[in-house]
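Here is what each chain is made of, one letter per residue.
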Amino acid sequence: MVLVMESLNGVSRSFVVRGRRISSHSGVSADAVCTVRFRTSAIGARIFLAKDAIGQLIDGFGSLDVECKGEAAHVLWFYELAMGLLPWRRKTREVWPQSYAEPDLSHKASSRIIREPAVDILDSAWVDAAAQRDKLVIWQVGQGAVPTGKVKSHKVVINLAADSQDIQS
Amino acid sequence: MSEALELNKRARGWLRFIWDKATTEDDWSSTGDPLPWWDRTTTVPMCAFPRFDLSETSYALPLMADQTPAWREVYTEIADQLVGRYTTFWAAIDWLTLIGPDPNQRNYPPEWLVWMPQALRGHYNPPGWTANGVKPWGLQPDPIAADGNLFFRGFFNLLLSTYSYVSGDDKWERPFKMTGYNNRLFDWTQHSITGFIEDQWAERPQGPHCENTKIWPYCMSAAGLSLQLHDKVFSTSTHWVDRLCQEALRKAFKRWGHRILRLLLRPYRENGLYDAG
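Chain order of the listed sequences is A and B.
Residue 70 in the numbering used here sits at position 70 of the first sequence; the count goes up by one each step and never skips.
Residue 385 in the numbering used here sits at position 216 of the second sequence; the count goes up by one each step and never skips.
Bound-form chain A, shown alone (with noise of 0.2 Å):
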């Protein structure tokens, strides 16, 4: 996926989306999915500056500042993919609330729940529950089932195909 940033007074960069890195080159590229064009590049830089850069793309498409050629959400996501690599505009990491790692009998609900202690297996006394288990597919999958409806040439499944083997092996 390629994006272009370029201004009317000749400034221009590519910018190539591949296999999870990012890539640059001066100049335009003609399979760009999505080309800003700033009036000058003050403009840009001005803009892309800024700490309500979108907003202020908002307002430039509304000045005519900026104009945009392809889908302009690639822009937005290009923009916060950029600025979380920035080290002073990483926003700082949130706290969650702690009954997520944990049960905290504190709260309404959560002093509600049945806790029994940990077990790792489905009670063996209970045959009928066992039969049923086997009827399902994920189940049936984790056994060594071939999934209905596998789809066998998707290019995800034979990229991943190296990662799964890497890790059985």
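In case anyone wonders, no lab produced these hints; they're calculated from the structure.
Honestly, I wouldn't trust all of these hints.
[What the hints assert, rightly or not] The list that follows gives simulated cross-link-like pairs (lysine-lysine, DSS-like), each with its CA atoms no further than 27 Å apart:
1. B/383 / A/135
2. B/346 / A/135
3. A/108 / B/346
On the provided structure of chain A, position chain B as indicated by the hints.
Here is chain B on its own, set in the frame of chain A:
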């Protein structure tokens, strides 16, 4: 002249099918088997359980009931049969039988592994494996009152509110039994399920787990919709718990809304059809 209220031929055919499906008796207990027309293979691995067919079959009912309210008894009977099945062993079979860590973690095909972070493939419970019983939560015998299993009670609550919407009846507002681990039974009412979802979501703003350790926006949206429908039907106010999401949207609109609006109105302004001042 008002528009004719009727279902077209295709919709009537679908209604006939879901009527047959819902009212034909089958056994969803731990010794029985749902009839084969209840789908338990679509969207593997995380949705290949027959209860998803119960909730998804119900989605047409409010629309049909709005169109042909005189057929309320039909819609009520279908919804009632769907809810009844949702209280059984087969409805909660994943929570009740996929216990502890998955012993087959290394055996899944590549197209299932795409659901997992690359570094965890082969030694991670796949989506769909509910892992009831794992530490630190322990075995939780009630499929509704659980730290995980949000997808079970979220879609159930939506189905219950659908029943109330099409029927106007209070059957499931009264106590009923929910089948749990080892066929133990737990008492619930429609409103106590709604209350539990509301309380738990308030404790966990990002949303509770479905499978233990996994939170799905899709299932959270079903749970949120179930609260919203409950509020509409019973004039309650349980839907506030997704306030974080609403707050974020409100802030975004406050910050950028006027700019977006200006942009949208630009062609009108340029043509003299609107003056922003």
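Quick rundown of the hints versus the structure:
1. B/383 / A/135: holds, 24 Å
2. B/346 / A/135: holds, 25 Å
3. A/108 / B/346: holds, 22 Å
Comparing the model with each earlier hint shows no violations; every hint is respected.
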